[in-house]
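Protein chains in written order, with the numbering used here: chain A, 1177 to 1278; chain B, 71 to 663.
Among the clues, some could well be false.
Taking lysine to aspartate or glutamate and the EDC-like style, the derived pairs with C-alpha atoms no more than 16 Å apart in a straight line are [to be verified]:
id: 1; chain 1: B; residue 1: K434; chain 2: B; residue 2: D370
id: 2; chain 1: A; residue 1: K1263; chain 2: B; residue 2: E414
id: 3; chain 1: B; residue 1: K328; chain 2: A; residue 2: E1244
Covered stretches of chain B (chain A as the covering partner; in silico rule of three or more C-beta atoms under 8 Å from a C-beta of chain A) [as the list claims (entries may be wrong)]:
id: 4; stretch: 334-346
id: 5; stretch: 350-359
id: 6; stretch: 378-391
Not the full set, but computed from the structure, chain A residues with beta-carbon under 8 Å of chain B [what the hints assert, rightly or not]:
id: 7; residue: S1234
id: 8; residue: M1238
id: 9; residue: V1268
id: 10; residue: A1269
id: 11; residue: S1273
Hints are computed from structural coordinates only; laboratory data are not their basis.
By construction, the Cβ of each residue, glycine as well, lies at the ideal position given by its N, Cα and C atoms.
Okay, here's what each chain looks like letter by letter:
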Amino acid sequence: MSVTSEVSTDDNTITIKISGRFDFAEQNEFRDCYYDTSPGENTQFIIDMSGANYMDSSALGMLLMMREYLGGNAANISIINCSPDIKNILTVANFQSLFTMD
Amino acid sequence: MNLSGGATDMSENMPLSSKMPTVLIADDDIPNRLVLQAILEKQGYCVLQADDGVQAVDVFSREHPDLVLMDIKMPNMDGYEATQQIKAMSTDAFIPVIFLTATSDSKGLARCVASGGDDFFTKPYNRILLQTRISALLRIRELYSTVQYQRNKLDNHQKRFDREKQLAKRLFANIIETGSLNLPYVQSMLSPMSLFSGDILLAAPKPSGGLHVLLGDFTGHGLAAAIGALPVSSVFYGMTAKGYSIAEIVTEINTKLKMILPADIFLAACVIDLNPGSHTLSIWNGGIPSVVIYGEKEQDITRSLSPRHLPLGIASDESFSRRVEMIEIRQDDRIYIHSDGITEVANPDGLMFGRQRLENVFEKNTDSAELFDEIRSELIKFQDGGAQQDDMTMIELRYNQQQLEDTVFHDKTQTKRAVQPSSEWDFSMGLSADLLGCFDPLPLLIQSVCDMQGFRGQRQQLYTVFSELFTNALDHGILNLDSTLKGTADGFAKYYMEREVRLSNLTDGSIKIYVAHQPNAEGGLLTIRVEDTGDGFDYQENQVSLESNVGHSGRGIQLLNTICEKIEYRGNGNMLILSIVVQKRNIPVAFEI
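So that you can see chain A by itself, here it is in the shape it has in the complex (with noise of 0.2 Å):
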C-alpha cells in the first residue's frame, strides 16, 4: 500500500500521501482517493510526496487526470514535501504551471 489520503478534521483539507514508487501500479488506488470525496469549493487536495522516490511520466498523467477531475483551474491541489529527484521532474514538465508546488 503506497497511497493513502486522510481527511482533516474541518473537512476542508484532503491529504493524499505517496510513499515509495508513484507510478501507473497506482493507478486505482490514487484515484479513489479523490473519486468519492465530495469536495466543497474551498477544498485544499495536498499531496505529500515525503515518502516517495520515484515518480514516472504516468504518474505525472495521473496527477493531470486529478486536475481535470476537480475543476481544471479552479481545482486546488498542491504538491508538497518533494525529493530533488521528484522535484526535477515536475519542473521539466513545468508542472508548477499547475499545481501548487512548495
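Mind docking chain B on chain A? Use the hints.
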C-alpha cells in the same frame, strides 16, 4: 473480414458440453457387455458397443466417444492393438481407455499401460469402484479439454495480434518517416522499449533552407503512444513543408493532441529550427530535459536550454504558450537533445545514469567528433545488462552552415495531379499592424499560388521570393530595423530580439501583397508586388542598398537575381519590381515590390 484465420477449428476443442458423456465398451463377451451397459446407462451415460478390436477402432473413429472400456483378449484384434490405434487417432484430445482384465498379473498390467491404457479394472466388477474410476478419468478429460481449448484460443489470439502488430508497424514506419535523420551533420539513436516506441524523432528540411527537428516522448509506451505519434508527424512534416514556423507547428500539434488524447496522456516535446541564413537556433521546449549546446571553440557546454513550457496536449488553446527562444549558434557547435530515458537508464542495482554522469561525459571529452559515441558507450557500460526503463532517444546536430544550406528540400506536399492549364488570375491581401504582429501570411500565400497554378517542384523558389519580399517590407519598411546590426558577431540574435520587441509594440503601418498570373507563350508570368506604408528610401541614389535591404546575409538577393528577370523599385522605395521567365513546366515569374 475475418482476420483470425484458423479460428474455426477451435470448435473441435471446445470444453465438453453438458450432455452426458458417451462410453464405448469393447468386449467379445456379450453377458459382460450387458452388465456394463446396465451399470453405465443407469448412471446416465450413452453407451456404444463393439465385438472385437477392429470394430472398436471403427466405432471410435465414427462416434468419437469420451471414454473406452477395453477387454484384452478379443478376436481379430486384441485390446492392446486397438488401444494403440485409438490413442494414435486422438493425439489432440485426451480419451481415457480403461482395460478390463481378468488377471492382476503385473506383466499384463504393465502392457496395458505401455499400449496407452490409462487405468485397468479387474473382473468381476464392483459397480461403485467402476463408476468412481470412470468419473475421475472423465474429470481429467474435461480439464484436459479446457486447457487445450484455452491454449488454442490464446494461440489464435497471439497469431492475430502478431499479424496486426506487424501490419501496424509497417503502416507506422511509412508515416513516421525519418529519412532526414540521415544527414551528414545529424547523429541519432532511438531505441524503443516495445514495438511501438513512446519516443518520436522527426527531422525535415525547410523550404527556406535549414532544418526543423522534433524530439518527443509520449506518456507510456505502445499503441496509445503510437496513435498519438501519427498526427504529430503529419502536422510536423506538412506544416514544415508549407513554410510554417515552429511556433505555429507546436500550436497546431497541441490543439490536435488536446483534442484526441485523454487527459493523462501527453507529449513532452522539444522542437527546434536551425537557421543557416541567420546563424540562429530557435527552440520551443515543453517537458524535455535541458537541451545542451556544446561550443566547438570552448570544447565545453556553453548553453543549457531548460524546458520553458508544459508538454503538448495539456494546455487549452487560450493558455498555450508558443513563445520560442532564439539564440545565436556558431559554426561546428553541437546541439544535444535527449529524452529522460537517457538519464533514467538504470544499472543492475537500480541506480540511474542521471544528469551528472551525462555532463561528466561532456567534460571529459577531448574530441568533439567522438562525443556522441562516447555518450552512447557510457550508457551501455553503465547499464551493464540492466533493464531499460524507458525509451532512450538522443540526437546530435552539428551546426554547419554550408551543409544546412545544401540540405535538399523535397516537396511532398503536392499531389500528383495534372498540371493545370496556364490561366489568368490575381488576388491581393492587406495586413494591418495588429495582424502583422501575430500572423505569418507566407504559408497561406504560397499554398494559394501552388493550388491555383500547380507550381510543381517550385515551392522552395516561391518561398524564397515571397519570404525575401515580405521580410524586407516588414523588417525595414514597417519596423525600421537596421540591417547593419546583422554584421556584428552576435548581431543576429540582437537583431531578432529587437525585431520581437518592435513587432509586439507595433500599432501603425500595413503591408499590401498583390499576386497575379498571366499566361504567355513560354508558360506564364507570375507578378508579385509587396507594398508597405514605410518611408521607403532613395533607390535612385543608392542602388547598392538594394543588396543590404533585400533579405539577410546577401544570400537572398543573389537567389532573387538568379530567379528573377528584372528587379526594380517603385514609388518612394517602398515598392520593387522583379520579373522572371518560367518555362511551361517551370512557370516564369515577375515580381514587383
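query: Against chain B, with CB atoms and a cut of 8 Å, does the hint on M1238 (chain A) hold up?
result: Hint holds; M1238 (chain A) Cβ to chain B Cβ min 6 Å, cut 8 Å.
- prompt: Between K434 (chain B) and D370 (chain B), does the CA-CA distance stay at or below 16 Å?
  reply: Holds, because 9 Å separates the two Cα atoms, which is no more than 16 Å.
query: Does S1234 (chain A) pass the interface check with chain B, least Cβ-Cβ distance below 8 Å?
result: Status holds, d = 6 Å.
field: Proximity test - 8 Å, beta-carbon atoms, the stretch 334-346 of chain B to chain A, at least three hits
entry: holds (count 4)
- request: Decide if the proposed pair is consistent with the structure: K1263 (chain A) and E414 (chain B), CA atoms, cutoff 16 Å inclusive.
  value: Since the Cα atoms of K1263 (chain A) and E414 (chain B) sit roughly 15 Å apart, the hinted pair holds (cutoff 16 Å).
- prompt: For the hint on V1268 (chain A), does the least C-beta distance to chain B fall short of 8 Å?
  reply: Since chain B brings a Cβ to about 5 Å from V1268 (chain A), closer than 8 Å, the hint holds.
Proximity test - 8 Å, beta-carbon atoms, the stretch 378-391 of chain B to chain A, at least three hits: holds (count 5)
query: Under the criterion of a CB-CB separation shorter than 8 Å, is A1269 (chain A) in contact with chain B as hinted?
result: 4 Å, holds
message: Is the interface hint satisfied for S1273 (chain A)? The criterion is a beta-carbon contact with chain B at less than 8 Å.
response: Holds: closest Cβ of chain B sits about 6 Å from S1273 (chain A), inside 8 Å.
message: Is the coverage entry for the stretch 350-359 of chain B by chain A consistent with the three-residue Cβ rule at 8 Å?
response: Coverage by chain A holds for the stretch 350-359 of chain B (4 residues, Cβ < 8 Å).
message: K328 (chain B) and E1244 (chain A) were given as a pair; does the straight-line alpha-carbon distance stay at or below 16 Å?
response: At roughly 13 Å apart (the allowed maximum being 16 Å), E1244 (chain A) and K328 (chain B) satisfy the hint.
Every hint, counting from the list given before, is met by this structure.
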